[in-house]
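Novice: Model the full structure from these sequences, guided by the hints.
Chain residues, written in single-letter form:
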Amino acid sequence: MAYYSAVNLNRENKVDKINPNLSLEFRGQVVIATLTDEKILDEDQLQGLEGSFLPLIEQTPQIQLIIDFSNVKFLTSSVLGLLIRVSKKVYETDGTLRLCSIGPKILDVFRITRLDKIFEIMTSVDDAMIGLKK
Amino acid sequence: MTEAKHILHKSWQLKSTEAEVKKVSSEVLKTLEDNEFEEDMIFAVHLSLEEAFINAIKHGNHGDPHKKILAECLITPEKFDISITDEGFGFDPNGVPDPRCNGNLYRSCGRGVLLIQSYMDVVEYNSRGNCIHMIRYRDREKAPISEKKCS
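Heads up: the protein sequence lines correspond to chains A and V, in order. 117 is the number that this note's numbering gives to position 117 of the first sequence; each next residue is one higher, with no gaps. Count along the second sequence starting at 1, add 134, and that's the number in this note's numbering.
Hint data in this document are derived by calculation from the structure and do not stem from the laboratory. C-beta atoms are modelled at their ideal positions from N, C-alpha and C, and glycine is treated no differently. Mixed in with the good hints there might be a few duds.
Computed spacing ranges between beta-carbons, pair by pair [what the hints assert, rightly or not]:
| hint | chain 1 | residue 1 | chain 2 | residue 2 | range |
| --- | --- | --- | --- | --- | --- |
| 1 | A | Asp127 | V | Lys139 | 47 to 57 Å |
| 2 | V | Asp226 | A | Glu120 | 46 to 56 Å |
| 3 | A | Pro61 | V | Lys149 | 42 to 52 Å |
| 4 | A | Gln62 | V | Glu258 | 20 to 30 Å |
| 5 | V | Asp168 | A | Lys73 | 45 to 55 Å |
| 6 | V | Pro211 | A | Pro55 | 24 to 34 Å |
| 7 | V | His140 | A | Asp94 | 52 to 62 Å |
Specialist: Laid out in C-alpha cells, this is it:
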C-alpha cells in the first residue's frame, strides 16, 4: 500500500496526511512524520506505514526524518521491526533518523529490547530538530 | 482458590485471525479495567497478549485462518493467568536468539518472546512448544519465587 505516491507533497511547512495512520510536516529540509494512531498493532496499519515510509525515504536522498510518537500509547514488537527496516533504508541513503516524544511506557519497550541504544531518541520535535540542516 | 474469587474464567476456541483474537484481548482488557487493575498491569497484559497471539497466528499456525487457537484465561483479584495453544509444531523458546545481543539488534523480528518474559511473572511452554502459559501478578512482589521466569 504505497499511499505516499498518491499525494502531492508540499514542502513549504505544510502538513500532509499521507495515510490514515501518518501525517507529514516539512520544516525546511527536515521531514517530521507524526504517527496519528494511539495504538499500532494491526497488520494493515503496519503495511500502511511501511508503504508510506519506504517510498518517502527512497524519493528523498539524505532524508532528515523525525518520527513523532506523541500520539502513540501502545505498540507491539512488529512496530519495532518496522522501525528497524525504516532505519536501514534511511542509513542506506545517508540520511538521518530521530525518534521523539515517546511516552514512558513505550520507552520501556525500547529499553527492554535495547533499541534505545541504536535509535536517537529525543524528548520533543524541537529537540530532535537541533543540529539538523534546516 | 474458590470459584467466588474468579473475576473471569473462560475458554475460547478461535479462528487464526487478527479479528478473532482481538475479541479476546478486548474482553480481557475490559475486565481488567472494570476491576480497576493498575494501568501498568493492563499495558503489560495487553502487550503480552498481542505478542502471544501474533506468534500463534504467524509462527504457530502459519497464517492459516482455518487452524484454531485455544485460549483459557483466569483472572482473579490477584492475577491474570492465560494459556494460548496453536496447532503448530511448536518451537524451542531457548533457541530464540537474544535480540539484545549486538549482532541481533538490527534484526527486524524476534522481540516478542523477550517482551513477554519481561512483562509477565511466569512464562512457561509445554514440551512441544505450541502452548504458552503466562501469569502476571497484580503485586509482582508476591509472585512465587519458584515460578518466576521459568521457561
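Novice: Now tell me if each hint is right for this structure.
Specialist: Quick rundown of the hints versus the structure:
Checked against the hint of 47 to 57 Å, the pair Asp127/A and Lys139/V passes, with Cβ atoms roughly 48 Å apart. The hinted window of 46 to 56 Å between Asp226/V and Glu120/A is violated, with their beta carbons roughly 35 Å apart. A beta carbon spacing of about 45 Å between Pro61/A and Lys149/V agrees with the range 42 to 52 Å that was offered as a hint. Restraint check, Gln62/A to Glu258/V: a C-beta distance of roughly 48 Å breaks the suggested window 20 to 30 Å.
Look at Asp168/V against Lys73/A: about 19 Å separates their beta carbons, and that is not inside 45 to 55 Å. Against the hinted window of 24 to 34 Å, the Cβ-Cβ separation of Pro211/V and Pro55/A comes to about 50 Å, which falls outside the hint. For His140/V and Asp94/A, the hinted distance range of 52 to 62 Å is satisfied, since their beta carbons lie about 58 Å from each other.
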